[in-house]
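Colleague: Keeping their order, the protein sequence lines are chains A and B. Under the working numbering, think of the first position of the first sequence as 1, with each following residue one higher. Under the working numbering, think of the first position of the second sequence as 1, with each following residue one higher.
Be aware that one or more of the hints could be misleading.
Stated by the list, open to error - Here are the simulated lysine to any residue pairs, SDA-like style, with alpha carbons at most 25 Å apart:
| hint | chain 1 | residue 1 | chain 2 | residue 2 |
| --- | --- | --- | --- | --- |
| 1 | B | Lys198 | A | Phe5 |
| 2 | B | Lys198 | A | Val29 |
| 3 | B | Lys200 | A | Thr18 |
| 4 | B | Lys213 | A | Thr13 |
| 5 | B | Lys175 | A | Ser34 |
| 6 | B | Lys175 | A | Val29 |
| 7 | B | Lys52 | B | Asp208 |
| 8 | B | Lys198 | A | Asp58 |
| 9 | B | Lys198 | A | Ala19 |
| 10 | B | Lys175 | A | Met1 |
| 11 | B | Lys200 | A | Gly20 |
| 12 | B | Lys175 | B | Gln189 |
| 13 | B | Lys200 | A | Arg3 |
| 14 | B | Lys200 | A | Ser59 |
| 15 | B | Lys175 | A | Leu23 |
| 16 | B | Lys175 | A | Val48 |
| 17 | B | Lys34 | A | Leu23 |
| 18 | B | Lys175 | A | Arg3 |
| 19 | B | Lys175 | A | His55 |
| 20 | B | Lys175 | A | Ser49 |
| 21 | B | Lys198 | A | Arg43 |
| 22 | B | Lys34 | A | Asp22 |
| 23 | B | Lys213 | A | Tyr41 |
| 24 | B | Lys200 | B | Gly178 |
| 25 | B | Lys175 | A | Cys26 |
| 26 | B | Lys200 | A | Asp7 |
| 27 | B | Lys198 | A | Gln14 |
| 28 | B | Lys200 | A | Val63 |
| 29 | B | Lys175 | A | Thr18 |
| 30 | B | Lys200 | A | Ser9 |
| 31 | B | Lys22 | B | Gln107 |
| 32 | B | Lys200 | A | Arg57 |
In case anyone wonders, no lab produced these hints; they're calculated from the structure. Owing to the predicted nature of the structure, the values given are computational and were not obtained by experimental measurement.
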Amino acid sequence: MGRYFFDVSDGETQFHDTAGIDLSPCDIVNETRSLLNLLAYERLPQGVSRTFDAHVRDSRGEVVYRKTVRLNCS
Amino acid sequence: MQIQQSSVRNQLLKALSLEDFKRLRLERVELPVKLVLVEPHVPIDYLYFMEKGMTSITTDTSAGQIEIGMIGREGLVGASPVMLGVGHSLHCHFVQMPGEGLRIATQDLLAVVEQSSSVRHTLMRGVQALMDQMGQTAFANAVCTIEIRLARWLLMCRDRAEGDEMILTHEFLAKMLGVRRPGISVATQILEGRRLIKAKRGRIIILDRTGLKALAGESYGSGGPRKLDAWQGERRDGPSRITVSPSATAATNGTMLSRADVSRNLNPCLL
Chain A
1 MGRYFFDVSD GETQFHDTAG IDLSPCDIVN ETRSLLNLLA YERLPQGVSR
51 TFDAHVRDSR GEVVYRKTVR LNCS
Chain B
1 MQIQQSSVRN QLLKALSLED FKRLRLERVE LPVKLVLVEP HVPIDYLYFM
51 EKGMTSITTD TSAGQIEIGM IGREGLVGAS PVMLGVGHSL HCHFVQMPGE
101 GLRIATQDLL AVVEQSSSVR HTLMRGVQAL MDQMGQTAFA NAVCTIEIRL
151 ARWLLMCRDR AEGDEMILTH EFLAKMLGVR RPGISVATQI LEGRRLIKAK
201 RGRIIILDRT GLKALAGESY GSGGPRKLDA WQGERRDGPS RITVSPSATA
251 ATNGTMLSRA DVSRNLNPCL L
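Pulled out of the complex, with its shape left as it was, chain A reads as follows (with noise of 0.2 Å):
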């Protein structure tokens, strides 16, 4: 277990996450995906294409997962 800080961006907006939340770093991957597709599910404009991206940082502030999700409207 550690804490970890979830910084995302849903192409317009950053969001730096100062609270963090425990969890196990096989979490890790499953927090980021659901974090990524609340965002894209709710922040994606009709008819825009957007890139949703993610950081994931431990105590110290090193970065140990990143993801990015771009939806392309065609």
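We have chain A; now place chain B onto it with these hints.
Modeller: Just chain B now, kept in the frame of chain A:
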């Protein structure tokens, strides 16, 4: 000592006639946090008129615990299953915000309801109020963004807490709202960015209740405790209906996803 109707705060009890109130054999009890008032699938022996504090109704499944309703001093914990003749619930009812209540044995309540149609009528309106609140929760969960759902939940909690500061962790909020914990961090930042709340570690302070109501809009319309005489025709201010774009829906179905960039560190758990 006989409990006086003039001293109670529960809205259902206050709505009763004095004659009806005196029929009820009530006992004042403390309600410490996490006390389970209704256990799933277990016959309900006592019901609790909430006087202070708040009770959460949750689903407890292998997928986790999600709040589906809350009861404060506007309601009677256990009313729906008892008044509708089932006698037990699928859902857990536990004290989320400590306070106190007036409890009554199920058999005593049913005996009074048998005698008095006005008591039954008042309590059934409370049952309907909770059903309406649950419907609004389903609506909010289906179409509202996480920050709107958080705004709504904080308003509902604040209505019952009677204060602007609440002790709430992100982990707890994630359970109550049924979202992953990092999503709560994002929602909290959005509300902080709009200066609607101030989030410290482990607690949230509401700075602008009017702004939260405007954000929550229709999702909050029936969620707060209401006076029984204002049951119909209520309207709250707020923005227009929230809509979900077809493209966003498609995105969640995975039909439009294209992964542009994924990088990982060497932790095998992250592969």
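Colleague: Between Lys22/B and Gln107/B, is the straight-line Cα distance small enough, at 25 Å or below?
Modeller: Between Lys22/B and Gln107/B the Cα gap is close to 16 Å, so the pair holds against 25 Å.
Colleague: Please verify whether Lys175/B and Ser34/A have alpha carbons no more than 25 Å apart.
Modeller: Holds: Lys175/B and Ser34/A sit about 15 Å apart, inside 25 Å.
Colleague: Sort out whether Arg3/A lies within 25 Å of Lys200/B, counting only the CA atoms.
Modeller: Satisfied, since the Cα-Cα distance of roughly 17 Å is no more than 25 Å.
Colleague: Holds or violated: Lys198/B and Val29/A, Cα atoms, limit 25 Å.
Modeller: Violated. Lys198/B to Val29/A sits at ~29 Å, over the 25 Å cutoff.
Colleague: Lys175/B and Gln189/B: Cα distance at most 25 Å?
Modeller: 18 Å, holds
Colleague: Starting from Lys175/B, check that the Cα of His55/A is at most 25 Å away, please.
Modeller: Satisfied, since the Cα-Cα distance of roughly 23 Å is no more than 25 Å.
Colleague: Does the structure keep Lys200/B and Gly178/B at a Cα separation of 25 Å or less?
Modeller: Within the cut-off at roughly 21 Å; holds.
Colleague: Tell me if the straight-line CA distance from Lys198/B to Gln14/A falls inside 25 Å.
Modeller: 18 Å, holds
Colleague: Taking 25 Å as the top limit, are the C-alpha atoms of Lys198/B and Asp58/A close enough?
Modeller: 24 Å, holds
Colleague: Given the hinted pair Lys175/B and Cys26/A, is their Cα-Cα distance within 25 Å?
Modeller: 20 Å, holds
Colleague: Regarding the pair Lys213/B and Thr13/A, is the alpha-carbon distance no greater than 25 Å?
Modeller: Between Lys213/B and Thr13/A the Cα gap is close to 23 Å, so the pair holds against 25 Å.
Colleague: Is Lys175/B within 25 Å of Thr18/A, Cα to Cα?
Modeller: 19 Å, holds
In the structure shown, a violation is registered for the earlier hints numbered 2, 16 and 20, in ascending order.
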